[in-house]
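Protein chains: 2
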Amino acid sequence: MKTLLKTLCQTSMQAAVARQASLTKPAGSLGRLEEMAIWLAGCQGRVCPKIERPWISVFAADHGVTEEGVSAFPAVVTQEMVKNFAAGGAAITVLARENGAQFEVVDVGVFNDVAPLPSLISARVAAGSSNFKLQPAMTEAQLQAALTAGEAAVERALAAGADLFIGGEMGIGNTTAAAAMISRLCNAPLETIVGHGTGINDEQKQHKTKVIQTALDLHRAAMTDAMSVLQHIGGLEIAALTGAYLHCARHGLPMVIDGVISCAAALVACKVAPKAKAWMVFAHQSVEPAQQAVFSDLAVDPLIDLQMRLGEGSGAALAIPLIKLACALHAQMATFEQAGVSGAD
Amino acid sequence: MKTLLKTLCQTSMQAAVARQASLTKPAGSLGRLEEMAIWLAGCQGRVCPKIERPWISVFAADHGVTEEGVSAFPAVVTQEMVKNFAAGGAAITVLARENGAQFEVVDVGVFNDVAPLPSLISARVAAGSSNFKLQPAMTEAQLQAALTAGEAAVERALAAGADLFIGGEMGIGNTTAAAAMISRLCNAPLETIVGHGTGINDEQKQHKTKVIQTALDLHRAAMTDAMSVLQHIGGLEIAALTGAYLHCARHGLPMVIDGVISCAAALVACKVAPKAKAWMVFAHQSVEPAQQAVFSDLAVDPLIDLQMRLGEGSGAALAIPLIKLACALHAQMATFEQAGVSGAD
Numbered sequence: 005m006k007t008l009l010k011t012l013c014q015t016s017m018q019a020a021v022a023r024q025a026s027l028t029k030p031a032g033s034l035g036r037l038e039e040m041a042i043w044l045a046g047c048q049g050r051v052c053p054k055i056e057r058p059w060i061s062v063f064a065a066d067h068g069v070t071e072e073g074v075s076a077f078p079a080v081v082t083q084e085m086v087k088n089f090a091a092g093g094a095a096i097t098v099l100a101r102e103n104g105a106q107f108e109v110v111d112v113g114v115f116n117d118v119a120p121l122p123s124l125i126s127a128r129v130a131a132g133s134s135n136f137k138l139q140p141a142m143t144e145a146q147l148q149a150a151l152t153a154g155e156a157a158v159e160r161a162l163a164a165g166a167d168l169f170i171g172g173e174m175g176i177g178n179t180t181a182a183a184a185m186i187s188r189l190c191n192a193p194l195e196t197i198v199g200h201g202t203g204i205n206d207e208q209k210q211h212k213t214k215v216i217q218t219a220l221d222l223h224r225a226a227m228t229d230a231m232s233v234l235q236h237i238g239g240l241e242i243a244a245l246t247g248a249y250l251h252c253a254r255h256g257l258p259m260v261i262d263g264v265i266s267c268a269a270a271l272v273a274c275k276v277a278p279k280a281k282a283w284m285v286f287a288h289q290s291v292e293p294a295q296q297a298v299f300s301d302l303a304v305d306p307l308i309d310l311q312m313r314l315g316e317g318s319g320a321a322l323a324i325p326l327i328k329l330a331c332a333l334h335a336q337m338a339t340f341e342q343a344g345v346s347g348a349d
Numbered sequence: 005m006k007t008l009l010k011t012l013c014q015t016s017m018q019a020a021v022a023r024q025a026s027l028t029k030p031a032g033s034l035g036r037l038e039e040m041a042i043w044l045a046g047c048q049g050r051v052c053p054k055i056e057r058p059w060i061s062v063f064a065a066d067h068g069v070t071e072e073g074v075s076a077f078p079a080v081v082t083q084e085m086v087k088n089f090a091a092g093g094a095a096i097t098v099l100a101r102e103n104g105a106q107f108e109v110v111d112v113g114v115f116n117d118v119a120p121l122p123s124l125i126s127a128r129v130a131a132g133s134s135n136f137k138l139q140p141a142m143t144e145a146q147l148q149a150a151l152t153a154g155e156a157a158v159e160r161a162l163a164a165g166a167d168l169f170i171g172g173e174m175g176i177g178n179t180t181a182a183a184a185m186i187s188r189l190c191n192a193p194l195e196t197i198v199g200h201g202t203g204i205n206d207e208q209k210q211h212k213t214k215v216i217q218t219a220l221d222l223h224r225a226a227m228t229d230a231m232s233v234l235q236h237i238g239g240l241e242i243a244a245l246t247g248a249y250l251h252c253a254r255h256g257l258p259m260v261i262d263g264v265i266s267c268a269a270a271l272v273a274c275k276v277a278p279k280a281k282a283w284m285v286f287a288h289q290s291v292e293p294a295q296q297a298v299f300s301d302l303a304v305d306p307l308i309d310l311q312m313r314l315g316e317g318s319g320a321a322l323a324i325p326l327i328k329l330a331c332a333l334h335a336q337m338a339t340f341e342q343a344g345v346s347g348a349d
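Chains as they are written, first to last, in this note's numbering: chain A, 5 to 349; chain B, 5 to 349.
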């Protein structure tokens, strides 16, 4: 496992802390915006960091477990949405455009191949994962290929000079996989974890919970570490996200983590390489309950809560302007000395 | 009292609700971004609203009560910060620039006149409010003049074609005034209301609480309605904000409300004219405890919580990009029909 990670520049972070204390405002009064600027100073190794080239890769794949009827939407929506991403009509493509972010959608295993399309990278590992109620979601070779597809996205981002990485996902059925993974990895009871996903009712949620319970029982002995959890009850796009996150941490590319699916992938990355967390900021509190278990496990707090549950990287994309403004405040505000403003008594 | 308010366009809001339901995402999955777009549709009377010309007026004034030693900073900081606003070195000026917002600072009663300066509007009502521990903060004539100064700012915004109004404030001592007002107007005990302001310690906070209690006792009989509360224990910049908010509601200009001081002004506006609330969005949860009492009283939820407590309109300015993105998503996302995406089963 290639887990030699970069570390943040402590000198730049200390200088950023000192700069924050010198700016014309009560100490600490910019709250989490100060944290963001200091964190990015550490990521970029300079006192005044900037975000100029955000990058968004959305990984798409289908889930064999959808044949159990766990989602409000038919599985064909995954491929239909891939076309919508390519045409620029999905939420994340609007957010990418408005934020000036580079965007790509990566097919790591939609049931039906829809390439070629604009902005679509074909990196198909399989025609969907297997139904994990009956067998492992992926073979070990498929898991490795999906991780590698994620790494390749980060390589493209780095080659384009990206300074912030956002991973998104599309895959009907993937809240089922994420809930299963998070329940197992956080040792949390399913009733506190399983949510309504894209909009199932309470009865369907009970069914979804039963399907997950069966899968957890089936694969219990085989799931000996985080990667084997991902292999047995995860999904191809979740594995790609995990590979991407680990690769960002290896290369010192800061990342903004999105909703519950991205959090499941980030959790695996942090279990495999705990120091990967230093390169992550968690963008938003999703409506899906499983996410809270990840936040508790990793001891992190999301930046915003806009009651979203869309995925695609949309919550993370909303953090881009806030992070940019944090950098602008940090760099452009006058110090007490420059402005001739008196300090606290 | 000129309280004939505009009302939101219900037809446009209904059309916006229908449009949201047609976009390629699970119903409701964009959470509060959907709310924002629908609200602005009502404000602007069109299905797809846009924010193109946000406007920020920061009202500055001093507080006579600062002679009681209620703040961590000396009162001279108000005038020093007015100069910092004019020079573009304060947080709100950075945020205005980065968001492409028009900016002005309005002196409604700093102790010492510092005009002329760039971006500074001189609308001085008095050289600070009176010490409300000993006498009313303002005379009735001063209150009226300060309300009018707020209205005049909105007139300037309207003349410039502004489509979103943010009021900010600067005034050493103004968390003392805001806490006093909110305690009285929300009938909330001071121990749940008084905070650490710009950074006083617990002992100083006890002293601040005693000063407020004395003022509440002194003016109890005279404070018969919201406007008289503002007059007796408020401040000139808080009155200007109140005047501005009421004028926005009269003219149908949507507003983003900032932190605890702005909330105190918004609370008075809503007590005077309850329908003013329809034109307001509350930007952020401040660290100052008094704000929560306002949210409970008005039954509103702030958009974001970044642990800020700076004032100046800074929290409200952070909401600008989120509101713009809400409009972009609403206008630019493809519908299920346009994209050929299947709906929920």
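By construction, these hints were calculated from the structure, which means they are not laboratory data. All of these numbers come straight from a predicted model, not from anything done at the bench. Quick reminder that beta carbons are idealized off the backbone N, C-alpha and C, glycines included. Wrong hints could be hidden among the right ones.
To be verified - Cross-link-like lysine to aspartate or glutamate pairs, in silico, EDC-like; alpha carbons within 16 Å at most:
#, chain 1, residue 1, chain 2, residue 2
1, A, K209, A, E195
2, B, K281, B, E71
3, B, K328, B, E108
4, B, K275, B, D229
5, A, K275, A, D301
6, B, K54, A, D305
7, A, K281, A, E39
8, A, K281, A, D305
9, B, K87, A, D167
10, B, K214, B, D229
11, B, K209, A, D167
12, A, K54, B, E341
13, A, K328, B, E102
14, B, K214, B, E71
15, A, K328, A, E144
16, B, K87, B, E71
17, A, K279, A, D309
18, B, K281, B, D305
19, B, K10, B, D167
20, A, K10, A, E195
21, A, K87, B, E195
22, A, K328, A, E102
23, A, K209, B, E108
24, B, K328, A, E102
Claimed, not checked - Chain A is faced by these chain B residues, among others (derived, beta-carbon under 8 Å):
#, residue
25, M17
26, L99
27, A192
28, L194
29, L220
30, L222
31, A338
As the list claims (entries may be wrong) - Cβ pair distances, simulated, as ranges:
#, chain 1, residue 1, chain 2, residue 2, range
32, A, R50, B, T218, 33 to 39 Å
33, B, S346, A, P193, 29 to 35 Å
34, B, T339, A, G49, 54 to 60 Å
35, A, R160, B, D117, 55 to 61 Å
36, A, A145, B, E56, 48 to 54 Å
37, A, P278, B, T218, 20 to 26 Å
38, A, A25, B, T15, 34 to 40 Å
39, A, E195, B, T339, 32 to 38 Å
40, A, A145, B, T15, 53 to 59 Å
Evaluation of the provided hints:
1. A:K209 <-> A:E195: Cα-Cα ~10 Å, so holds.
2. B:K281 <-> B:E71: violated (35 Å)
3. B:K328 <-> B:E108: Distance of about 21 Å is beyond 16 Å: violated.
4. B:K275 <-> B:D229: Satisfied, since the Cα-Cα distance of roughly 9 Å is no more than 16 Å.
5. A:K275 <-> A:D301: holds (10 Å)
6. B:K54 <-> A:D305: Violated. B:K54 to A:D305 sits at ~31 Å, over the 16 Å cutoff.
7. A:K281 <-> A:E39: holds (15 Å)
8. A:K281 <-> A:D305: Satisfied, since the Cα-Cα distance of roughly 12 Å is no more than 16 Å.
9. B:K87 <-> A:D167: Distance ~35 Å between B:K87 and A:D167 Cα, so the pair is violated.
10. B:K214 <-> B:D229: Distance of about 23 Å is beyond 16 Å: violated.
11. B:K209 <-> A:D167: violated (43 Å)
12. A:K54 <-> B:E341: Violated: A:K54 and B:E341 sit about 40 Å apart, past 16 Å.
13. A:K328 <-> B:E102: Roughly 9 Å between the alpha carbons, so the hint for A:K328 and B:E102 holds.
14. B:K214 <-> B:E71: Roughly 14 Å between the alpha carbons, so the hint for B:K214 and B:E71 holds.
15. A:K328 <-> A:E144: At roughly 40 Å apart (the allowed maximum being 16 Å), A:E144 and A:K328 break the hint.
16. B:K87 <-> B:E71: violated (22 Å)
17. A:K279 <-> A:D309: Outside the cut-off at roughly 26 Å; violated.
18. B:K281 <-> B:D305: Since the Cα atoms of B:K281 and B:D305 sit roughly 12 Å apart, the hinted pair holds (cutoff 16 Å).
19. B:K10 <-> B:D167: It holds: about 15 Å lies between the C-alpha atoms, which stays within 16 Å.
20. A:K10 <-> A:E195: Outside the cut-off at roughly 38 Å; violated.
21. A:K87 <-> B:E195: violated (57 Å)
22. A:K328 <-> A:E102: holds (13 Å)
23. A:K209 <-> B:E108: Between A:K209 and B:E108 the Cα gap is close to 53 Å, so the pair fails against 16 Å, i.e. violated.
24. B:K328 <-> A:E102: Given pair B:K328, A:E102 holds - Cα atoms ~9 Å apart, limit 16 Å.
25. M17: Hint violated; B:M17 Cβ to chain A Cβ min 19 Å, cut 8 Å.
26. L99: holds (6 Å)
27. A192: violated (23 Å)
28. L194: violated (22 Å)
29. L220: Since the shortest Cβ distance to chain A is 25 Å, the answer is violated.
30. L222: violated (26 Å)
31. A338: Where the cut-off is 8 Å and the nearest Cβ of chain A is about 3 Å from B:A338, the hint holds.
32. A:R50 <-> B:T218: 33 to 39 Å: Since A:R50 and B:T218 have Cβ atoms about 51 Å apart, the given range 33 to 39 Å is violated.
33. B:S346 <-> A:P193: 29 to 35 Å: holds (33 Å)
34. B:T339 <-> A:G49: 54 to 60 Å: violated (45 Å)
35. A:R160 <-> B:D117: 55 to 61 Å: holds (59 Å)
36. A:A145 <-> B:E56: 48 to 54 Å: At roughly 53 Å between Cβ atoms, B:E56 and A:A145 fall inside 48 to 54 Å, so the hint holds.
37. A:P278 <-> B:T218: 20 to 26 Å: violated (54 Å)
38. A:A25 <-> B:T15: 34 to 40 Å: At 52 Å between Cβs, range violated.
39. A:E195 <-> B:T339: 32 to 38 Å: holds (36 Å)
40. A:A145 <-> B:T15: 53 to 59 Å: Because 58 Å falls inside the window, the suggested range holds.
When held up to the earlier numbered hints, the structure conflicts with 2, 3, 6, 9, 10, 11, 12, 15, 16, 17, 20, 21, 23, 25, 27, 28, 29, 30, 32, 34, 37 and 38 and fits the remainder.
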